[in-house]
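One line per chain: the protein sequences are A and B, in this order.
The first sequence begins at 1 in our numbering and counts up one residue at a time.
The second sequence begins at 1001 in our numbering and counts up one residue at a time.
Note that these hints are calculated values from the structure, not bench results.
It is possible that part of the hints are untrue.
[Unchecked claim] Under the rule of at most 25 Å between Cα atoms (straight-line distance), these lysine-lysine pairs were calculated in the DSS-like manner:
hint: 1; chain 1: B; residue 1: K1114; chain 2: A; residue 2: K23
hint: 2; chain 1: A; residue 1: K23; chain 2: B; residue 2: K1112
hint: 3; chain 1: A; residue 1: K23; chain 2: B; residue 2: K1200
hint: 4; chain 1: A; residue 1: K199; chain 2: A; residue 2: K127
hint: 5; chain 1: B; residue 1: K1200; chain 2: A; residue 2: K22
hint: 6; chain 1: B; residue 1: K1115; chain 2: A; residue 2: K22
hint: 7; chain 1: A; residue 1: K216; chain 2: A; residue 2: K9
hint: 8; chain 1: A; residue 1: K143; chain 2: A; residue 2: K188
hint: 9; chain 1: B; residue 1: K1115; chain 2: A; residue 2: K23
hint: 10; chain 1: B; residue 1: K1200; chain 2: A; residue 2: K21
The structure displayed is predicted, hence computed values, not measured ones.
Each chain is listed here by its residues.
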Amino acid sequence: MEEKGKVEKIIEIEGLKIETKKKVILDGVDLNIFRNSVNTIVGPSGSGKSTLLRSLNRLLDMEPSMDVSGDVLFEKRNIRDYDPVELRREIGLVFQKPNPFPMSIYDNVAFGLRIQGKKLKKEEMDKLVNRALEDADLYEELKGNLKQMGTSLSGGQQQRLCIARALVLRPKVLMFDEPTSALDPIAKGKIVDLIRALKQKFTVILVTHDMSLTRKVSDYTNLIYEGKFVAKGTGTEFFESEIEEVKDFLSEAD
Amino acid sequence: MKVTNKIFNFFTFLMAIVPAVALISIFAFVFQESLPLWKFSGFSFFTTYLWNPGFQYQPPHLVHGVLAPQGAQFGLDLFLLGTLSTSALAILIAFPISFLITLNVELYLPSKIKKIMVSMIELFAGIPSVVYGLWGIIVLEPILFRSVEPWMAQHLSFIPGFKGEIYSGAGLIASGIILSFMIIPIVTSVIVNSFDTVPKEVKEGLFSLGATKWEVGKYLTTRYSRASTVGGTLLGLGRALGETMAVLMVSGAIVNTLPTSFYSATNTMAAAITSLLDSALTDSTRMDLAALAALAIVLMVISLGVSIVGRKIAGRGALRGYESD
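So here's chain A without its partners, still in its complex pose:
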C-alpha cells in the first residue's frame, strides 16, 4: 500500500500451471511477491492456494503426479535452477497444523542448522536458537525450559515454535499456510502480531481464507478463484474492490 512504486519484487510467478491427469489446479497464474511485505493469497477451499505455496519451495517435486509448467523467479533466478534443498532454506514454510518434531524445544529449533552439517560451537548454536525464538516471540515465555518437549507446548506455542524453526535458517521468504486455522483466538492474536513484526526482516506470504486476519496484516491481497487470480490489490484497495468475485468471496467469508 505505501510507496507501491518503490517496492522490490522478490518472487515473480509467470504463467504457472499445475495440473494432475484429472484436473487443472492452477491455470497459468501470474503473481508478484514483494519484499518485506505481507503478501496474502485468499480464496475458497480447493482453489489451489496451498498447492501454489508448495510449488514455490518445490515441495511439489515430491509428488510426481503433479505436472508443473511456467516460470517462478526467485530473486530473478528460476527456481528450477536452484538446488531444491537450498531453495527450501531460502523460502521457509509454516503449516496449517503445528508440526513440531518429537524432541526438545531447543532441538526443534536447532534441527535445520544441524542437518546443514555446519559444525557450530555450543555458544554460536545457542545464540542462533535464542534469536530465532525471540523473532518468533517465544523466547520470553520459554527461556529456561528449552529442554522441554516441543510437542508438550500449547497449540499456539507449537505454531510459534515451528515459525522459530523456520526462522533459524534466516530465510528470505517465510510462507504461512493457514497458520491460524487450528488456533484459539488468543493464540491467533499472537500470530497476527508476529506476522506484522516479521515483515520488517522477512518477506511474508500468507495463505488463508480468514478475512479478519487478512484485514489485519495484509499489504498485498490476491484472490484466487478456480485456479486463477481474479483480483489483486493493496490492503485497502482489495476490500473496496468492485470485482464480482471479490464481493462474493468477502460476503461469504465474513
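Please build the complex by placing chain B on the supplied structure of chain A, with the hints as guidance.
Same frame as chain A, now just chain B:
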C-alpha cells in the same frame, strides 16, 4: 434368541482362549518332558558345549535319581552360540538392506513401482524355508567356498575370527545370509508400514527445512519411528532364532566342536532338535528326548521374549510423542 446368543458367546469365548491355552499347554508338555534332564544335568546344561547321547548298548545307570545312558552328557553352549551368532549376522545383513529398501520405496521410487516392490517383498516372505535351504546348498555354499571365504581369509585375516581354514562353505556365514533373506521381508514391511503412518505434515516439515531425502529417511526411521524400526528388527530376530530347516541345510550341523573362525561349521538349537531327534527316540531312558525338550524350552523362552519385546516396541507406533497436549 437368548439361548442362541449364549451358545454363540460360549463358542466365541472358547475360540478366543484357544491360542492362550495352546501356548501354555505346549510349554507345559515340553517342560514336563524336559524335567529328567534338569535333574540329570542341573546347571551344567548351561556351562558345557558337549552333547553326547551316551552308550545305548550298555545298561543305563541312575544319576541324581533319574535313569540315563552311560556316558551321556548334555550342554547347550554350542547350539546357543550358533543360534545367537547366525541370528546376529542375519540382522547385521538384513537391517541395512531393509533400511535402504524402505528409503528407496518411500522416497525415491514412483508410487506405481512402490506398489509392485512392496508386494514383491511380501511375496518373498511366503517362500518355504526348505527352498531357501536348497538354494543355499546349490548356489550359495559353492560361491562362499570357492570365492568369498578364500578372499576373506586372505584379505581380512588381521581381524579376529577371519583367519582360519575353509571347510565347505556351510556354516555361520551361509546360515546368516540365508536367514537374512528370510527376515528382510518382515523387517522391511514393518519399517515401510511405519513410514507410511508418519503424518504428511512431518515429512513436509522436514523437507521444507531443507532436509535431503537421505536425511528425512534417516531421521524418520532412526528417530521418529524408532520404535517401529526396533520392533520390526526384533520381530525379524525372533523369526531368525527359531528358523530350522534352512539353517539345518546350510549350517554344517556340527556337534561337539566349537567354531574356531567365521568359516567353521555351526549348529543352532532349532536345527539340533530336528537333526538329533531321530536318534533320541531310540533312547529307552528318554533322557535324550528330555535333553532336546530342554533345548526347546530355552529356545522358546528366548524367541518368545524377543517377540514380546518386539511387538511391544512396534505397537507403540510411529506417533509416539506427536500428541499435541
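Against the structure, the hints come out as follows:
{"no.": "1", "hint": "K1114/B with K23/A", "in the structure": "holds (24 Å)"}
{"no.": "2", "hint": "K23/A with K1112/B", "in the structure": "holds (20 Å)"}
{"no.": "3", "hint": "K23/A with K1200/B", "in the structure": "holds (22 Å)"}
{"no.": "4", "hint": "K199/A with K127/A", "in the structure": "holds (22 Å)"}
{"no.": "5", "hint": "K1200/B with K22/A", "in the structure": "holds (22 Å)"}
{"no.": "6", "hint": "K1115/B with K22/A", "in the structure": "holds (21 Å)"}
{"no.": "7", "hint": "K216/A with K9/A", "in the structure": "holds (22 Å)"}
{"no.": "8", "hint": "K143/A with K188/A", "in the structure": "holds (21 Å)"}
{"no.": "9", "hint": "K1115/B with K23/A", "in the structure": "holds (24 Å)"}
{"no.": "10", "hint": "K1200/B with K21/A", "in the structure": "holds (22 Å)"}
Every hint from the earlier list agrees with this structure, and none is contradicted.
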